[in-house]
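Undergrad: Chains A and B supply the protein sequences, listed in that same order.
Going by this note's numbering, the first sequence opens with residue 1, and the numbers climb by one from there.
Going by this note's numbering, the second sequence opens with residue 1, and the numbers climb by one from there.
In short, the hints are calculated from the structure, not lab data.
Ideal placement from N, C-alpha and C gives every residue a C-beta, glycine not left out.
Careful: at least some of the hints might be erroneous.
What the hints assert, rightly or not - Computed cross-link-like contacts, DSSO-like style, restricted to lysine-lysine with a CA-CA straight-line distance of at most 27 angstroms: (1) B:K391 / B:K492; (2) A:K35 / A:K134; (3) B:K492 / B:K626; (4) B:K166 / B:K188; (5) A:K134 / B:K166; (6) B:K555 / A:K134.
To be verified - Distance windows between CB atoms, simulated: (7) A:E24 / B:P529: 44 to 54 angstroms; (8) B:R467 / A:R36: 37 to 47 angstroms; (9) A:Q94 / B:P530: 47 to 57 angstroms; (10) A:K35 / B:E625: 45 to 55 angstroms; (11) B:V633 / A:A112: 30 to 40 angstroms; (12) A:C62 / B:E417: 55 to 65 angstroms; (13) B:R510 / A:D123: 47 to 57 angstroms; (14) A:A148 / B:D460: 16 to 26 angstroms; (15) B:R427 / A:E24: 23 to 33 angstroms; (16) B:E417 / A:R36: 51 to 61 angstroms.
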Amino acid sequence: MIEEIISAAESRTSRPVLYVEDEENDVILVRTAMKRAGIDHPLNVVTDGRQAVDYLQAAVACGMSSSKLPCIVLLDLNLPRLSGLEVLEWVRKQHEFDAMPIVIFTSSELEADRVRARQLGADDYLVKPSDMFKLWEVLGLLRDKWIAPHCGTASPRQVASARAVS
Amino acid sequence: MTPEGMGKQKPAARWAVFPFGTNGGFRWSLAIALVSVSGGLLFRVALDPVVGRALIYLTFYPAILLAAVLGGWRAGVMATVMALGIVGTFYLPRAGPETPWIASDYLGFVSFGVMGFMVSWVAGLYHRARRREAAAQANTAEREWELRLLTDSMPGLVGFIGLDLKYKYMNQRYEEWFGEKRETLLNKAVPEVVGEDAASVLRPFLQRALRGEEVRFEAFVPYRKVGPRWVDSSYVPRRSPSGEIIGIHVLVTDITERRKAEEELRLNEARLRQAVQVARFGVFEHDHLTQRITCSVEHCHLFGLPPGEPLSVEVFLERIHHEDRGHVAELIAQSHDPTGSGTFEAEHRVLMPDGRVRWVGQRAQTFFAWEGASRRPVRTLGAAVDITARKEVEQHLHAELEQRTRLQEELERLVRERTSELSASVRELEHFSHALTHDMRAPLRAMQGFSQMLQLEHADNLNEAGRDYLRRIAESASRLDHLVVDALSYSKVILEDLPLEPVDIMQLLRGMIESYPEFQEPKATIELPPELPIVHGNRAALTQCFSNLLHNAVKFVEPGRHPHVRIRSERWETGGEAWVRLNFEDNGIGINREELGRIYGMFQRLSRGYEGTGIGLALVRKAVEKMKGNVGVESEPGRGSRFWLEMRSGEM
Numbered sequence: 001m002i003e004e005i006i007s008a009a010e011s012r013t014s015r016p017v018l019y020v021e022d023e024e025n026d027v028i029l030v031r032t033a034m035k036r037a038g039i040d041h042p043l044n045v046v047t048d049g050r051q052a053v054d055y056l057q058a059a060v061a062c063g064m065s066s067s068k069l070p071c072i073v074l075l076d077l078n079l080p081r082l083s084g085l086e087v088l089e090w091v092r093k094q095h096e097f098d099a100m101p102i103v104i105f106t107s108s109e110l111e112a113d114r115v116r117a118r119q120l121g122a123d124d125y126l127v128k129p130s131d132m133f134k135l136w137e138v139l140g141l142l143r144d145k146w147i148a149p150h151c152g153t154a155s156p157r158q159v160a161s162a163r164a165v166s
Numbered sequence: 001m002t003p004e005g006m007g008k009q010k011p012a013a014r015w016a017v018f019p020f021g022t023n024g025g026f027r028w029s030l031a032i033a034l035v036s037v038s039g040g041l042l043f044r045v046a047l048d049p050v051v052g053r054a055l056i057y058l059t060f061y062p063a064i065l066l067a068a069v070l071g072g073w074r075a076g077v078m079a080t081v082m083a084l085g086i087v088g089t090f091y092l093p094r095a096g097p098e099t100p101w102i103a104s105d106y107l108g109f110v111s112f113g114v115m116g117f118m119v120s121w122v123a124g125l126y127h128r129a130r131r132r133e134a135a136a137q138a139n140t141a142e143r144e145w146e147l148r149l150l151t152d153s154m155p156g157l158v159g160f161i162g163l164d165l166k167y168k169y170m171n172q173r174y175e176e177w178f179g180e181k182r183e184t185l186l187n188k189a190v191p192e193v194v195g196e197d198a199a200s201v202l203r204p205f206l207q208r209a210l211r212g213e214e215v216r217f218e219a220f221v222p223y224r225k226v227g228p229r230w231v232d233s234s235y236v237p238r239r240s241p242s243g244e245i246i247g248i249h250v251l252v253t254d255i256t257e258r259r260k261a262e263e264e265l266r267l268n269e270a271r272l273r274q275a276v277q278v279a280r281f282g283v284f285e286h287d288h289l290t291q292r293i294t295c296s297v298e299h300c301h302l303f304g305l306p307p308g309e310p311l312s313v314e315v316f317l318e319r320i321h322h323e324d325r326g327h328v329a330e331l332i333a334q335s336h337d338p339t340g341s342g343t344f345e346a347e348h349r350v351l352m353p354d355g356r357v358r359w360v361g362q363r364a365q366t367f368f369a370w371e372g373a374s375r376r377p378v379r380t381l382g383a384a385v386d387i388t389a390r391k392e393v394e395q396h397l398h399a400e401l402e403q404r405t406r407l408q409e410e411l412e413r414l415v416r417e418r419t420s421e422l423s424a425s426v427r428e429l430e431h432f433s434h435a436l437t438h439d440m441r442a443p444l445r446a447m448q449g450f451s452q453m454l455q456l457e458h459a460d461n462l463n464e465a466g467r468d469y470l471r472r473i474a475e476s477a478s479r480l481d482h483l484v485v486d487a488l489s490y491s492k493v494i495l496e497d498l499p500l501e502p503v504d505i506m507q508l509l510r511g512m513i514e515s516y517p518e519f520q521e522p523k524a525t526i527e528l529p530p531e532l533p534i535v536h537g538n539r540a541a542l543t544q545c546f547s548n549l550l551h552n553a554v555k556f557v558e559p560g561r562h563p564h565v566r567i568r569s570e571r572w573e574t575g576g577e578a579w580v581r582l583n584f585e586d587n588g589i590g591i592n593r594e595e596l597g598r599i600y601g602m603f604q605r606l607s608r609g610y611e612g613t614g615i616g617l618a619l620v621r622k623a624v625e626k627m628k629g630n631v632g633v634e635s636e637p638g639r640g641s642r643f644w645l646e647m648r649s650g651e652m
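Bound conformation, chain A alone (with noise of 0.2 angstroms):
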């Protein structure tokens, strides 16, 4: 039951969160930290650049109300075959995508990349913390900032209540 109450919240809230990553470690990490925090969003995952930029094709050729298509996406800069900024650059071109935030997640502390990425219109840069608990807290404030807003109406409060009644 609890598990319907849990789809039933979930189903509410469809539309994913789009994760461009390559490394498979760091993507059990941020899945296992964003439960954590309390974000129930479906995560889709695309490990690169190429990847990312199709998928997003895909997503808008179904129609721009497709459940496909992301609330936000979160860009890693390291990636293979197009990188992030590449991806970033080609995706806010697309004038379909101007109401979707895409934050910058990455391990690079480096200035000038962040300048860069805001330079093509990233909303935000979030620094990818080596800590578990940083990346927790890292992640809390991506909730509150960006997906919230943006995503949909479930609230942590609603799905940990939904959780504790299991």
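Fit chain B to the supplied structure of chain A, relying on the hints for placement.
TA: The following block gives chain B in isolation, referenced to the frame of chain A:
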């Protein structure tokens, strides 16, 4: 000209008393006539009681005569007329006032008139003669005075010596030369005036002049009083109207100075000639009228031409090396142009008859004269010298300089190449470091993350030891991660250029403290002073340094103790530059004396039990040194440390 009685002043007009003359014109004459006739009348009236009406004309003849002598014939005539009037009115007819005139009356009257006129005329002649004489005298006196003035103003001696060789006349110069007034010198003999030594020199010339010869000579005469001097003298004998010699006119000019100047000139000329000879200058003169060049022996020799006859310009031009000829010919033409300055300067080669080439340097000046409305060249004077040796040296130096320049350019090119190669390598290395760091941190993240996840989710499945192992894994991963990051930072400091600019320290520190919770209460107290200076440094590097220093300060404290860091600044000037020292004083665990020296070294970790890579301070030192500053430390175990940086002030 009478030499006697020449006073200094202009002679008074001696004729002034006698006759007044007709210079007053009609009025004068009338006045004189009136006075004379009145005199005559008075006299006549006095005679009346004695002679009655006889001798009526008696006193009037003298009156007319006087009038004419004093006033000229006009006055005489007027006097005659007046006398006639008086006689005719008061004294005729002789027989008595009421009687008619008889023949003798008329006769007497008319003849008196005629006689009166004749007397006037004759006396008038006399009067005129006397006047002329007086005028002549005045003229003479005037001329005498003029002459005196003239001779006195002449710079030489002007004098007249009589046959007895005594001075009859002397101008003022004699007074200056011989120190006595003229009056005392006059009529003295020559030896007495000029001195015996001078006289013996002059005597032969004087003798010749006395014999009638006009003598002109230059001599060195040992005059008394004024001293020996060179003189240019002329003795001109003076003859009387009958041809006899009556004396000698003497004219003496002092030419001592001129002689001296001439001597000096001669000397200088000799010196110059000598100098030109010694220096081996050739000198030449180009006469534009004859279009010929006269060259000195040396000059002709320079051009390989025979000295002696003046040569044409073409001959000289022929001698000039054909490569230089055109240019030199042009320069010559320019210097002959009246609108220019007339200067000529050239260095050119000369082809000697034997085939040798010689370098010659010439300088000349052309002088112009006005001919009607235009100027034309008259004369060119110049000098030339052999500069072959110098030219050789010049050329040698020039070649050497060219070679050196070439070498330098080559060197610079090599340096540029190497530098760009080096820069490329540095960029590559940086890029490599970044990529490497990034790739190394990913697995470290995984290690740390997963071991933490194990700790969180599977703690129950592990015993004490197991949990301990996990903790150690996580910690090790974290340490390695920090090391990797620090290593990257350090390598950046080494590899990158650090452009320096004024940096506001206060703003930097404030920003840093606000960004890190570990620098704020309640975790730590960082005390900033009210003011901090601007330093000359690199913003990013300074951020790194301060971060390292502050992190160390709050980290290395006694467990349980509240970290307290005090930041202070000092300022001073040395050698014209302003410096700043920043002190970071903490209440940490302190450093042993023996280890103080090593603390800024790479990988030096002095305390176990505190996390650290050992790179932090090494990075600080490297960065500060790259910003042209210094670092240092003072510390005592248990009493905290003072880390300091010294940098140049960034304030203008």
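Undergrad: Against each hint, give a clear statement of whether it holds in the structure.
TA: Structure-based check of each hint:
no., hint, in the structure
1, B:K391 / B:K492, "58 angstroms, violated"
2, A:K35 / A:K134, "14 angstroms, holds"
3, B:K492 / B:K626, "12 angstroms, holds"
4, B:K166 / B:K188, "5 angstroms, holds"
5, A:K134 / B:K166, "141 angstroms, violated"
6, B:K555 / A:K134, "19 angstroms, holds"
7, A:E24 / B:P529: 44 to 54 angstroms, "51 angstroms, holds"
8, B:R467 / A:R36: 37 to 47 angstroms, "20 angstroms, violated"
9, A:Q94 / B:P530: 47 to 57 angstroms, "54 angstroms, holds"
10, A:K35 / B:E625: 45 to 55 angstroms, "49 angstroms, holds"
11, B:V633 / A:A112: 30 to 40 angstroms, "33 angstroms, holds"
12, A:C62 / B:E417: 55 to 65 angstroms, "57 angstroms, holds"
13, B:R510 / A:D123: 47 to 57 angstroms, "28 angstroms, violated"
14, A:A148 / B:D460: 16 to 26 angstroms, "33 angstroms, violated"
15, B:R427 / A:E24: 23 to 33 angstroms, "31 angstroms, holds"
16, B:E417 / A:R36: 51 to 61 angstroms, "57 angstroms, holds"
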